[in-house]
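Protein sequence lines correspond, in order, to chains A and B. According to my numbering, the first sequence is numbered sequentially starting from 153. According to my numbering, the second sequence is numbered sequentially starting from 909.
Do not take every clue at face value.
What the hints assert, rightly or not - With a cut-off of at most 27 Å between alpha-carbon atoms, the simulated BS3-like pairs for lysine-lysine come out as follows:
(1) 1096(B) / 1187(B)
(2) 1099(B) / 1187(B)
(3) 343(A) / 986(B)
(4) 1182(B) / 1172(B)
(5) 993(B) / 343(A)
(6) 1172(B) / 938(B)
(7) 1182(B) / 1126(B)
(8) 305(A) / 343(A)
(9) 1166(B) / 1182(B)
(10) 1172(B) / 1096(B)
(11) 985(B) / 324(A)
(12) 985(B) / 938(B)
(13) 993(B) / 930(B)
(14) 343(A) / 985(B)
(15) 1172(B) / 1187(B)
(16) 324(A) / 986(B)
(17) 1182(B) / 324(A)
(18) 938(B) / 1099(B)
Note that these hints are calculated values from the structure, not bench results. What you are looking at is a predicted structure, and each value in this text was computed from that prediction instead of being measured.
Residue strings, one per chain:
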Amino acid sequence: MKLNAFTWIIVTLAVTAWVFILPLEAVATILVLQLVLLLYFKRSKTMLAAIGGLAVFTGMMVLLQLLFGSPLDVSLFGGLRMLVMTLAFLCMLATTRIQSIAKALVDRFHLPVEYAFMLTAALRFVPNFLEDSSITLDAQSCRGYSNRGNALKRLLSYVVVIRPLVMRAVAKSETLALSMELRGFGANTYKNMPKEELTLTDFVVLVIVVVLSTYPFWKKFLPV
Amino acid sequence: MNSMISVSNFYFNYLRSDLVLKNVNIEIEKGSFTVIIGPSGAGKTTLCKAMTGIVPFYSGGDYAGEIRVLGESTKGKKVSDLAMKVGLMLEDYESQLVSLTAGEEVAFSLLNHGFPPEEAEERTRLALEDVGLPGRESYQLDELSGGQRQRLALASLLAVHPEIIVLDEPVSAMDPDGGESLYKLLDKIHKEHGTTFIVVEHRLEFVLPYMTDLIAVKNGEIAAQGHCEDVVPQIYEDEELRPLLPDLWQVRSNLEKKTMHQFKLWRSADEAVKELQSKGFGRGVRA
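Sequences and hints are given; from them, build the entire structure.
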């Protein structure tokens, strides 16, 4: 089952709305479906680490809410909502090419190409940025940078790593901008990519989205 | 048309800077493999950018004179349209890659210029084959090694079939084997497609077997230019430029001066040994 990027965006947006309008049982069911889907499509260490990371973050949010005096059930439901919302984005990213998402955002949501391209560029440069930060950290360590002392001291001393890192990033972004100009980046960038039409599966999913999103209007007709 | 790029009386300075290029006059012949040499800060990169219209029409700055690419002035042309005729690979080729997969990277320019997806796909396939990366369309960029990413950058230039390719220090971050293999690839493309190459290079020993023309830049001015055979003696006489010549050519020029003999422009140590032995020099000399 392969969904169009447009359908995925709609589903993701809908899920973020559903967590506020659907009852607890339904939200919990969505969570289970999301986990099944994620493990079916990408059962890798990275995916498990991402899910684990989100679960830990959710736990921290629940704890924070408890600390600020929210009742346990409200805190847990709040955490569940946040987890389901973030997993919806993870599902979209795990199952759809980022270029297709960008194309759908430009073609169907009329997002300016520059903003859509930021999605691709951000993902493209994350590994480079991590590599650069490691190189800069090594270079500054050779010059005497030390990650010791209290938190404030460490934070202040980290400026010597941040500054060259930002300078490198700026220089790279200038080269990237030049490269995009040389290669004709603009209105045609997503227009000429191969078209991805909606299939029957997409329409079925979109109908389900409409039905679930109108739950507040038809729930009064449900038998009690 | 024999002149691919013609630079006439060109002067340029970046905003709030001194003159970077002064009275530059260059003719790049069709099918030539031209190497630009010069000390750091001499204006080599700016000259490359000028040939592709980036300077002054993208970077800004003041200029005088004219640059013609394939007979047409670069003035008023879009940088991306010029790039369809003159491909440029910058020194920081990594940051030049904009897509997530090898196939998307090569097809990027083609799709932007309105090529139908089927043609873009076919050209992508051929360009990747040309650079020795066949069937890697779906590879993520981080699945490719540094050398492969450089070849990918080259493939994305080749896909648009430019008549001229300009490379700014393509092997500056490579080991000797990587450098040699890249220049072998460039030579193959040069011979098979008849593409005109302009390369900025500090380590001439890599490009020795392939170069046909040489341009020496010094303080923003052209100190020497022409076929290698003609300009090497002129460059050798300049004390600042002499160290930029490969050892083999420095030895040759020195020998010519001291022995009053004329030697061919050696392209390899073997060639040098053979000629020296044939002329009765240094019996027992080995490459």
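Now for the hints, and whether the structure bears them out:
1. Only pairs whose Cα atoms come within 27 Å are accepted, and residue 1096(B) paired with residue 1187(B) is rejected, the gap being roughly 33 Å.
2. Distance check on the hinted pair: residue 1099(B) and residue 1187(B) sit about 32 Å apart at the alpha-carbon level, beyond 27 Å; violated.
3. Simply put, residue 343(A) and residue 986(B) have alpha-carbon atoms about 20 Å apart, close enough for the 27 Å limit, and the pair holds.
4. For the hint linking residue 1182(B) to residue 1172(B), the alpha-carbon distance of about 11 Å falls within 27 Å, and the restraint holds.
5. This hinted pair checks out: residue 993(B) and residue 343(A) have alpha carbons roughly 23 Å apart, not beyond 27 Å.
6. For the proposed pair residue 1172(B) and residue 938(B), the alpha carbon gap of about 24 Å is at most 27 Å, so the pair holds.
7. Using a Cα cut-off of 27 Å, the hinted pair residue 1182(B) and residue 1126(B) is violated, with the two alpha carbons roughly 34 Å apart.
8. Using a Cα cut-off of 27 Å, the hinted pair residue 305(A) and residue 343(A) is violated, with the two alpha carbons roughly 51 Å apart.
9. For the hint pairing residue 1166(B) with residue 1182(B), the CA-to-CA distance comes to about 19 Å; that is within 27 Å, so the pair holds.
10. For the proposed pair residue 1172(B) and residue 1096(B), the alpha carbon gap of about 24 Å is at most 27 Å, so the pair holds.
11. Proposed proximity of residue 985(B) and residue 324(A) is supported: the alpha carbons are some 25 Å apart, at most 27 Å.
12. For the hint pairing residue 985(B) with residue 938(B), the CA-to-CA distance comes to about 21 Å; that is within 27 Å, so the pair holds.
13. Note on residue 993(B) and residue 930(B): the hinted pairing holds, with a Cα-Cα distance of about 25 Å set against a maximum of 27 Å.
14. For the hint linking residue 343(A) to residue 985(B), the alpha-carbon distance of about 23 Å falls within 27 Å, and the restraint holds.
15. For the hint pairing residue 1172(B) with residue 1187(B), the CA-to-CA distance comes to about 12 Å; that is within 27 Å, so the pair holds.
16. For the hint pairing residue 324(A) with residue 986(B), the CA-to-CA distance comes to about 22 Å; that is within 27 Å, so the pair holds.
17. Between residue 1182(B) and residue 324(A), the direct Cα distance comes to roughly 48 Å. Violation of the 27 Å bound is thereby established for this hinted pair.
18. Of the pairs offered as hints, the one joining residue 938(B) and residue 1099(B) holds, with about 12 Å between alpha carbons and a cut-off of 27 Å not exceeded.
This entry does not satisfy hints 1, 2, 7, 8, 17, going by the numbered hints stated previously.
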